[in-house]
Amino acid sequence: MSASFHPIDDVLLAYAAGSLDQAMALLVASHLTLCPRCRDEVARAEAVGGVLLDDLPPTDTALGLLDAVLARLDEPAPAVPVSLPPPAPGSILPQPLRQSLGGDLDRVRWKRLGQGLEQALVLQSGRSRARLYRIAPGLRIPEHGHDGTELTLVLQGGFSDLNGHYLAGDIACADDGVVHRPTADRDGYCLCLAVTDAPLRLTGLVGRLVSPFLNL
Numbered sequence: 001m002s003a004s005f006h007p008i009d010d011v012l013l014a015y016a017a018g019s020l021d022q023a024m025a026l027l028v029a030s031h032l033t034l035c036p037r038c039r040d041e042v043a044r045a046e047a048v049g050g051v052l053l054d055d056l057p058p059t060d061t062a063l064g065l066l067d068a069v070l071a072r073l074d075e076p077a078p079a080v081p082v083s084l085p086p087p088a089p090g091s092i093l094p095q096p097l098r099q100s101l102g103g104d105l106d107r108v109r110w111k112r113l114g115q116g117l118e119q120a121l122v123l124q125s126g127r128s129r130a131r132l133y134r135i136a137p138g139l140r141i142p143e144h145g146h147d148g149t150e151l152t153l154v155l156q157g158g159f160s161d162l163n164g165h166y167l168a169g170d171i172a173c174a175d176d177g178v179v180h181r182p183t184a185d186r187d188g189y190c191l192c193l194a195v196t197d198a199p200l201r202l203t204g205l206v207g208r209l210v211s212p213f214l215n216l
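For the sequence shown, the UniProt record's numbering gives the first residue as 1, with consecutive numbering after it.
Think of the hints as simulated: they come from the structure by calculation, not from any bench. Any given hint could turn out to be false.
[As the list claims (entries may be wrong)] Derived DEER-like restraints, expressed as beta-carbon distance ranges:
1) ALA47 to LEU121: 29 to 37 Å
2) ARG181 to ARG127: 21 to 29 Å
3) GLY18 to LEU121: 35 to 43 Å
4) GLY102 to ASN163: 27 to 35 Å
5) LEU123 to ASP10: 19 to 27 Å
6) THR203 to SER91: 30 to 38 Å
7) VAL179 to GLN99: 18 to 26 Å
8) ILE92 to LEU123: 18 to 26 Å
9) LEU123 to SER91: 30 to 38 Å
10) GLY138 to TRP110: 34 to 42 Å
11) ARG127 to VAL178: 26 to 34 Å
12) ASP10 to SER125: 16 to 24 Å
13) ARG112 to ASP9: 12 to 20 Å
14) ASP9 to TRP110: 16 to 24 Å
Given the structure is predicted, the values throughout are model-derived calculations rather than measurements. Idealized CB from N, CA, C, for every residue including glycine.
Full structure from sequences and hints, please.
Put into structure tokens, the structure is as follows:
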């Protein structure tokens, strides 16, 4: 599998540094099991960080420490593979997600949001929530915007919005400047893991009508 859409570099660096919240880290770890490119990026960042911690010379001032760090960042880092197991045979869920769920899709307790759309809360950490979505073929999600950040990892099937066509392994990134209406591919159900750090903002007529009844 070769993903075409990836997390931005800042997100990968934060994951390598261990500074992402639990929900966002779960999504990135799940993406890494499916994306060799991002595994290599995280491995390089972790290798640079480890070298800096192990080998920085003693300094007497903060300025000297900063100079030493900047000097080491120019050096090539060894390629260290990130060891993350792929989905188990017969499963479409990455190992980090299966571990969080305590099993596979048969452990998911789906909540129906509307005709052809279901969600399940996987975990909540601070303001961030990780949810699974199961979307019927060809279904158009109500138009919505964002009061924060939303990252969506496709696990099965695919969907399209104004920014592209996303397939298994891809991550769609949306922020408070994006208003979109994702549409699932017609050739099968779309299964996604989405992480948000603020509620969605339903903007269309239908969205405004159903918004009071949805927990988004």
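Okay, the hints, checked on the actual structure:
| no. | hint | result |
| --- | --- | --- |
| 1 | ALA47 to LEU121: 29 to 37 Å | holds, 35 Å |
| 2 | ARG181 to ARG127: 21 to 29 Å | holds, 24 Å |
| 3 | GLY18 to LEU121: 35 to 43 Å | violated, 24 Å |
| 4 | GLY102 to ASN163: 27 to 35 Å | holds, 33 Å |
| 5 | LEU123 to ASP10: 19 to 27 Å | holds, 22 Å |
| 6 | THR203 to SER91: 30 to 38 Å | holds, 36 Å |
| 7 | VAL179 to GLN99: 18 to 26 Å | violated, 34 Å |
| 8 | ILE92 to LEU123: 18 to 26 Å | holds, 19 Å |
| 9 | LEU123 to SER91: 30 to 38 Å | violated, 19 Å |
| 10 | GLY138 to TRP110: 34 to 42 Å | violated, 19 Å |
| 11 | ARG127 to VAL178: 26 to 34 Å | violated, 18 Å |
| 12 | ASP10 to SER125: 16 to 24 Å | holds, 19 Å |
| 13 | ARG112 to ASP9: 12 to 20 Å | violated, 38 Å |
| 14 | ASP9 to TRP110: 16 to 24 Å | violated, 34 Å |
Consistency with the previously given hints fails for numbers 3, 7, 9, 10, 11, 13, 14, ordered from lowest to highest.
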